[in-house]
Amino acid sequence: MRCRVCRDRAAVEVRRHNAAFCREHFVEHVHRQVERTIHEFDMIRPGERLLIGVSGGKDSLALWHILTALGHRADGVYLDLGISDYSDESLELTRSFASERGLSLEVVDIKESYGFTIPEAASRTHRTACSACGLSKRYALNEAAVRGGYDVLVMGHNLDDEAATLMSNVLNWNVGYLGRQRPVLPAKPGFVKKIKPLLRVAERETAAYAVLQGIDYEVAECPLVAGNSLNRLKEWMVELEHRSPGALSQFVGGFVRDGSALFEEESNVDLHACQRCGRPTTGEVCAFCRLQLRATEAR
Amino acid sequence: MKVILRHPRREVEVEGPLTVGTLLDRLDIVPESVLVIRGDELVTKDIRLSDEDTVEVRPVISGG
Ligand code: SF4
Ligand SMILES: [Zn+2]
Ligand SMILES: [Zn+2]
Numbered sequence: 001m002r003c004r005v006c007r008d009r010a011a012v013e014v015r016r017h018n019a020a021f022c023r024e025h026f027v028e029h030v031h032r033q034v035e036r037t038i039h040e041f042d043m044i045r046p047g048e049r050l051l052i053g054v055s056g057g058k059d060s061l062a063l064w065h066i067l068t069a070l071g072h073r074a075d076g077v078y079l080d081l082g083i084s085d086y087s088d089e090s091l092e093l094t095r096s097f098a099s100e101r102g103l104s105l106e107v108v109d110i111k112e113s114y115g116f117t118i119p120e121a122a123s124r125t126h127r128t129a130c131s132a133c134g135l136s137k138r139y140a141l142n143e144a145a146v147r148g149g150y151d152v153l154v155m156g157h158n159l160d161d162e163a164a165t166l167m168s169n170v171l172n173w174n175v176g177y178l179g180r181q182r183p184v185l186p187a188k189p190g191f192v193k194k195i196k197p198l199l200r201v202a203e204r205e206t207a208a209y210a211v212l213q214g215i216d217y218e219v220a221e222c223p224l225v226a227g228n229s230l231n232r233l234k235e236w237m238v239e240l241e242h243r244s245p246g247a248l249s250q251f252v253g254g255f256v257r258d259g260s261a262l263f264e265e266e267s268n269v270d271l272h273a274c275q276r277c278g279r280p281t282t283g284e285v286c287a288f289c290r291l292q293l294r295a296t297e298a299r
Numbered sequence: 001m002k003v004i005l006r007h008p009r010r011e012v013e014v015e016g017p018l019t020v021g022t023l024l025d026r027l028d029i030v031p032e033s034v035l036v037i038r039g040d041e042l043v044t045k046d047i048r049l050s051d052e053d054t055v056e057v058r059p060v061i062s063g064g
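Chains as they are written, first to last, in the working numbering: chain Z, 1 to 299; chain D, 1 to 64.
Among the hints, erroneous ones may be present.
A partial selection of chain D residues facing chain Z, derived with a Cβ cut-off under 7 Å [claimed, not checked]:
hint: 1; residue: His7
hint: 2; residue: Leu27
hint: 3; residue: Val30
hint: 4; residue: Glu32
hint: 5; residue: Leu35
If you are wondering where the hints come from, they were derived from the structure by calculation, not from laboratory data. Since this is a predicted model, take the numbers as computed values, not measurements. By construction, the Cβ of each residue, glycine as well, lies at the ideal position given by its N, Cα and C atoms.
With the rest of the complex left out, here is chain D (with noise of 0.2 Å):
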């Protein structure tokens, strides 16, 4: 699947499927510093995730 990471943008392959949950395990990141986002809505860490699917992780901490 394709995994869209910020700050700055960038893309990576992961290999599904697989939870949310794990893929942030996966990408050692810390659950509650972002929100995961498959089309236009929101995905909690039990969803599991397929092959096909374009995720987006979005950092939730902003500065200023």
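If we strip away everything but chain Z, and leave its shape as in the complex, we get (with noise of 0.2 Å):
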């Protein structure tokens, strides 16, 4: 198989696209798709400071890697989930990677942030870990970018990661949810706002990047996973393109364009300040919060 563009043997075939590239156009096909969704739906203006949500798996770390190759400078923070060793490992290597490049990296530890480990969660509270994972991270992502002021809050979450998102809300008609699937959410009070570059880069598109500039990425699983059901969809979502090119760009591409603004007005509810935390939430106590009286409470 030859590169598109210089006719070298190809590392990278892209299916739905047509094509296959070598490793340095393979990289500048990806830095396009990347820059052109930037500033396709605005997402970051002139003097914007970014925070971005690192986990020491590929996404997140070649999207950290993208962006200050197109010139971005971003700040990264990572969650320590206190997830045994597998947390330890990925922290070392998001360490090295933002020492190794000169980009300065924030640390929170969510048992001392927060008072309790996503395990911990998982066994005081009727969630999942995977549901309490998800809870925590939007929560404490959030608060470091506040905390740090910062106007953008950056996100991983690839092509696949979308497509899984808006099946599992579709088969769920959970249209609150479509209403905010959007590849940018403005900032509220008490949220800033949050984009997703990736979201025309396929899940094996980005681990393709980082294998290709040499980015030492956690490739264990996460120990929890066996609950996920994102992950499920996501591979069946993986056959779905294997057997039609193209599929997944279609599902996420044309909900973008054509689907999320009829959703709109379901995701406008009415929010007032949380009772514990100030945070807006729909209810009395948000729902971080519930998660935290209850995995925190004395037995």
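With the hints as a guide, bring the two chains together.
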């Protein structure tokens, strides 16, 4: 297989674009996709301070690398979720990545900051590990961004992540979530702007990018992943993409273009301050505070 | 050839020579779900692997 640009031996085939690329031109291809996405959705404005949530996995480290290459300076924040060796190893990889490139990294230990680890939250509440984890990550990342005075929180969600989330929201007809599934979530009181620049880059492409750029990322799986329903959907999405190349970008691209606006009203709910932490919520006490209360109750 | 698989990490012997595409087929792996790495390079499905090769078949789906 030959590179579409230079005819050298290809390193990566991108079937949905009917193309293959050598290392150099694949890197260029990914940079172009991300740059286009940032531009099209007006994700980053001049002078805005960026914070990227990094997990030590391929997506967030690749994105940090890409942003830097494109001239967007971003600081990183790593959430230590307290998932045994997995969290320690991921932190080590993230630390080396940042220090090798002279990037600044903040580490938030959720046990120290909020009083519980993810395994503790899972065993003490009725939530699954991944649902407690997702809720905690959303909350703690926004907190870190607000505390640090950042304007933009950068998320490493890739095309497959978005496709699986969209499929899950459709399967459950979660209209409120559908209204909020957008490439850019504008800032609201208590929340910084959130952007997803990897929206057009498939999971396999972020992995290939990381390997080709020599990024040492966490290849091992989270030991708690077994109950992750989004991951099962992702396996299914990959199968779909294999049978019908381009299906995922069609699904997500079409939704972003024509679909999500239809649900926008559904996501306009009345928010007021959480009685405990002050962040906007629909109830009296926000979901994160309820989780925290239960996860840290004296037993 | 030696084939390294992940989640969990393990090794299997597969008789070569054969192409990357045939290897994945034989292991019943959807090509879109993995990268195949030989040494420090990525190899596409048409590349012929020899018996002396060591390749890693690395899943690209990650949780979290
Ligand atoms: S697999 Fe679940 S518990 Fe593990 S990091 Fe992902 S969301 Fe968190
Ligand atoms: Zn090329
Ligand atoms: Zn609260």
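Against the structure, the hints:
no.	hint	result
1	His7	holds, 5 Å
2	Leu27	violated, 15 Å
3	Val30	holds, 5 Å
4	Glu32	holds, 4 Å
5	Leu35	holds, 6 Å
Consistency note: the structure conflicts with earlier hint 2 alone.
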